[in-house]
Amino acid sequence: MKTELRFYVNDHEVMVSVESHARLLDVLRGPLGLTGTKEGCGEGECGACTVIVDGRAVNACLFPALEAEGRKVVTIEGLQKSATELGILQQAFVDAGAIQCGFCTPGMILSSKALLDASPDPTDVEIREALLGNLCRCTGYVQILDAVRRAAESLRKIP
Amino acid sequence: MTRFDYHKPKTLHEALRLKKEIPGSAFVAGGTDAMVKIKNKAMRPSALISLRAVPELQGISVNGSASIGGATTITDIVKHPDLGKLFPVLVAAAERLGSAQIRNVATIGGNLCNASPCADTSLPLLVLDASVEIQGLSGTREVALKDFFKGPSLSCLAPDEVLTAVRIPKPHPAAKGVFFKKGRVRMDLAVASLAAFVQMDGNTITSARFAAGSVAPTPLRLFKVENLVKGKPVSEQILVEAATLGEQEVCPICDVRSTDEYRRSLIGVFVRRAMEQLSGIKQP
Amino acid sequence: MSELRYIGKETPRPEGPDKAAGKALYIHDLVVPGMLYGKIKFSAHAHARITHIDISKAEKLPGVRAVITAYNTPEVRIGFLRDNLALKKGMVRQFRDEVAAVAAIDPDIAAEALDLIRVEYEPLPGVFTPEEALKPGAPLVHETDPSGKPRKDNLLPLTYHHESGDLQAGMKAAAFTAEGEFSTPTVQQCCMGTAGCIAELDLHGNLTIWAKTQIPFLAQRDFIQMLAEIGLKGRNARVVVPTLGGGFGSGLDTHAYEYIAILLAWRTGRPVKIVYTRDEEFECLSPRQSASTRIMQGCDRNGRLTFRKIDVLQDNGAYTSWGATFPTVMMLPSTSLYKVPNVYFDAQLVYTNNTYCQAMRGYGNPEVNLAIESNLDELADKAGIDPLDIRRINCNEPGETTPMGLKVTTCGLRECIETVAQKLDWAAKRKQGKRRGVGMASLFHVGGGGRIYRSDATGLILKLDDYGNVNACYGGVEMGQGMHSVLSLAVAEALGVKPGKVFVNPTDTSTCPWDVGTHASRGAFMACNAAIRAGKKLRDRIFEHAEVLYPEIVSKNIKAATKKDPGFKVPDIDFVKLAKKENFDLVDGFLFPKNAPLHPVLKVELGAMLRAIHFRNDGEMLSTEVTYDPPNELPDFTKGKGNMSTTYAYGTQGAEVEVDTDTGEVRILKFVAAHDVGKVLNPQTLKGQMYGALAQGFGYTFTEEVLSKNGKMQNTNFRDYKIPTVHEMSFPIELEFVETNDGIGPFGAKGVGEPGLVPTAPAIANAIYNAVGVRIRHLPITPEKILAALKEKKGRS
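Going line by line, the protein sequences match chains A, B and C.
According to this note's numbering, the first sequence is numbered sequentially starting from 1.
According to this note's numbering, the second sequence is numbered sequentially starting from 1.
According to this note's numbering, the third sequence is numbered sequentially starting from 1.
The reader is advised that the hints may include incorrect statements.
[As the list claims (entries may be wrong)] Derived pair list, reagent style DSSO-like, types lysine-lysine, alpha-carbon separation capped at 27 Å:
1) B:182 / C:670
2) C:57 / B:41
3) C:434 / B:41
4) C:23 / A:81
5) B:37 / C:712
6) B:182 / C:434
7) B:182 / A:2
8) A:81 / B:182
9) C:563 / B:37
10) B:41 / C:536
11) C:498 / C:434
[Unchecked claim] Among the chain C residues that face chain B by a calculated CB cut under 10 Å, a handful are:
12) 511
13) 658
14) 660
15) 699
16) 715
17) 725
18) 787
19) 791
20) 795
[Claimed, not checked] Using C-beta positions, here's what the derived DEER-type ranges look like:
21) A:124 / C:203: 55 to 61 Å
22) C:565 / A:159: 54 to 60 Å
23) C:731 / B:230: 18 to 24 Å
24) A:4 / C:605: 54 to 60 Å
Hints are computed from structural coordinates only; laboratory data are not their basis.
Even glycine gets a Cβ: it sits at the ideal position worked out from N, Cα and C.
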């Protein structure tokens, strides 16, 4: 059964026809062509599909598409400042060496963004708690933590 | 992929009616259990009836006692300042549930109705002597949480009933709680877990409640341990006896996460450490 | 050596921004117009005869375009022992055997069609441990070998053996000996991006396959052979590597699913994409081989090793892939870690009905290192010698030739050992009690390529354009380890341009020169050595042309400057005389005579020079190709002799731990990793490699294990198979890089992709023993095992 779904993705209103059993992940990667959000496990364990819905990080693989009706969704594609400039968090990940294969990176950045939007000056413990649901097999996480700290500092400097 | 219809009822009554009318339908709240079960074909609903935004299931009110709507997210519970002040043991357990992404959508009602033996919120609620309000088309009833769980993934909820609220009675001001959870890594289903709620009068244990997770077909109140320690002065001997009795009272199994022997040992350790911490006999 | 401009400096990787923006395209994201989706039906038994397959219902499902089995396609034999088929015929030998496959217009329909395929089996008894499989009369996993000759047992026909010195004499000379049996489990690579490919045939029968592979050229060879077997002899196979969501060795062989995708593409005439779900990744992709190691070592009264005897037994699973060659690497530390005069090594592999295994980082080294380094501590204990001292006493030295014939050039082992001892405050922390302790372990691995195939070569093409851009075509694979980063830095350094002007093209067998594969920690070593040679060749050609063209361009520059500003002061330099090829330098994309003052009009931008070379009669476009084949040897593994690499990587890791004796939990208080890396090429990517390897090492040590019951995997998702989260890396980790400046390494660098996880487990096991006196010999070191060991120790005392 197909239904019209209307919601906001990266501040743009979108309308798309979806199957009733579709997941938010399928809608983002399929008809909306936003392939930055990845499917790593499909069960909410790895966090590669993390997006922000109404300010909170969620696993898009477990989020029924129809629940996104009227809501504001942020994906990795929404963080870029311009064609040639990354957002502060994204740039911090690049500068700190927090990216290797990059598959976990979009989800990792979205979880970090959800944290920093709510807590601009997080402790290391709080950063780890926010990223607990984002698995990485390449980096060993140390430089990821560094990236989040750097981004937090840069963001706090903005008046 | 399993195909199903998706309904978003605007009232509780509509939700209950849809459930009755649609054969093979299932309720869903946060979806963190249901969507996984559907993916693994453990659940093949014809339709999902979403309780996520049903107004009667929202809200937290705290006034000495607490009432938490069934569709309250775990994050909302963690963040609620009054719940944190009055029932810190509940918040401590809620914080250890899954990950931030899971807590942002998972609900307390869903966690309880999923009825896993390791449901994180069930343990503090059991030691806080919570009860649940259940509604069906035929009416409302209240069930003590200790009578709610019937077996692995089995509760006393009838197929067309909804857990509408969790009620926590006013705790004794001097009572304190603690929550322990052991996973293989930090984000894990519990290998074993324990919530404890103890009231001391000087050196004497006025009352104690213990609830253990992952070591029985349901989340388990350790009534035998509770009866053993009630009214007794805290001592090394009572600690040892309580721990031993706790080990005996549980019936864990071996599975991919751990062994029965290890889980049993952990419960003994948790009982002991909970009593040490809450009686003041040893600093954490 | 003159000061390096880019090498050694902390530099973000060039593809980082695309990955941070979500723009990088992985196999999961690629869509080819007209593409169909393939899905595979796997066996329902560990060992059974296939009696009947009925695909009729599946074929009729709307949206299905092809259903294939071994019975309606030509036979495709795969694996280096040719003991596997892409689609199984007659017999299934493991649960993940590919029995049928479907191509459909969407993945849901393909999955639905799988359920409609009916396969009938006659179950047969299986064998699920090497011991079981070796029992006389045990059921045979393969009744014949690939040529049809009957087999008599389940032993693999592969010999891995080494004997040097006189083992008996060594044993006699030992004042102390220690013996033990160790084991490591099957673990999964757990790449965050799962396996997959898209296969497409053109109308001439040439194949293009986008593949998640680390061996594009060996894969090309395999696929060309397959094309020949299905009636497309002489056609080409082009392998294109998209952004990889990890590798860690999982891409070192071709997989049945790739051949199946090709068969489906061939059958349907459409591109076919197969991507594994996470469950399929766990259950149906080849994990890391398990190993049992029996070891005995002895030393004299002074702690000097007199012998080492190692016997390895491995569960090969049902078919043969690179897991079966782990002993080629196991031989290295077995014969050459520490000075040991009399060595015996033997490894046997046994067919079972468990999953067959691939490669994974470390490739056998972590497996035997657990035994060697744990057992060394046990030997030290018996001899009454501090484990630190026994390592000092037997430490390898630069310039040694080891019993295997490995020629050690630089060796930073001593510095690594001392660094770990110092950073852990060894002497004090050994005695601290309170259930706390320290332990260490060292490693030895290839660092300068690894000849395990008849060629260890790599090729690099650098193409300059008219604007000073350098396009690099390289056949090695970027899988997150930072290869493109160090390659672009090395090209920039060697040629004399800014790294931002170096563009590394996608890895594609049709445009890039051959490379044997991104394995054996050889990526940076090979790529950068090729870059150094290619850069020099291009510089030489540019400077030759510049002898004539530099004066021309400078004259033009002066004319233009004078025209613009009549008061322009012409520099008093005879730039014609200076224009000799040995006089020029090229730095940051500007060419100038070395000893001339830095006047702007005397600097010629590289693009301007290249346009001058190109746009004239008989002009030239500059590009160069280099083949770099390091002077190492393909060892004879039946004798265990041959200098496999051109230089060797060393390192030592150490841990301070605290054990909770009530729960068996181990808390790492501090971890130190000191590695002889030759030279740090890019601190950022090197640290990333080390932290990442350590995380895998901690997973291997504490939580990871593929659980299998009668051949069926029990934990096939991230809920049940646990890899470290960010929380498990929350203790202080100190990295120390020892730069031994190796003569053959590019800028002095050695390969370091694998060493980071080699000694992690024994370092921790040794620390646990120091803390609480129990030794766990079988990974993973779980709280369950520690608690059980503590109880047993208590019971004994």
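We went through each hint and held it up to the structure:
1. B:182 / C:670: 22 Å, holds
2. C:57 / B:41: Holds. Residue 57 (chain C) to residue 41 (chain B) sits at ~21 Å (cutoff 27 Å).
3. C:434 / B:41: 50 Å, violated
4. C:23 / A:81: It holds: about 14 Å lies between the C-alpha atoms, which stays within 27 Å.
5. B:37 / C:712: 21 Å, holds
6. B:182 / C:434: 22 Å, holds
7. B:182 / A:2: 44 Å, violated
8. A:81 / B:182: Given pair residue 81 (chain A), residue 182 (chain B) is violated - Cα atoms ~42 Å apart, limit 27 Å.
9. C:563 / B:37: 79 Å, violated
10. B:41 / C:536: Outside the cut-off at roughly 61 Å; violated.
11. C:498 / C:434: 55 Å, violated
12. 511: 38 Å, violated
13. 658: Violated, about 16 Å.
14. 660: 9 Å, holds
15. 699: Check passed: Cβ of residue 699 (chain C) comes within 9 Å of chain B, closer than 10 Å.
16. 715: 5 Å, holds
17. 725: Holds, about 5 Å.
18. 787: At about 6 Å, which falls below the 10 Å cut-off, the nearest Cβ of chain B leaves the hint on residue 787 (chain C) intact, so it holds.
19. 791: 9 Å, holds
20. 795: 14 Å, violated
21. A:124 / C:203: 55 to 61 Å: Holds, at about 59 Å.
22. C:565 / A:159: 54 to 60 Å: Since the Cβ atoms of residue 565 (chain C) and residue 159 (chain A) sit about 45 Å apart, the hinted range of 54 to 60 Å is violated.
23. C:731 / B:230: 18 to 24 Å: 41 Å, violated
24. A:4 / C:605: 54 to 60 Å: 57 Å, holds
Taken one by one, the earlier hints fail for this structure at numbers 3, 7, 8, 9, 10, 11, 12, 13, 20, 22 and 23, listed in ascending order.
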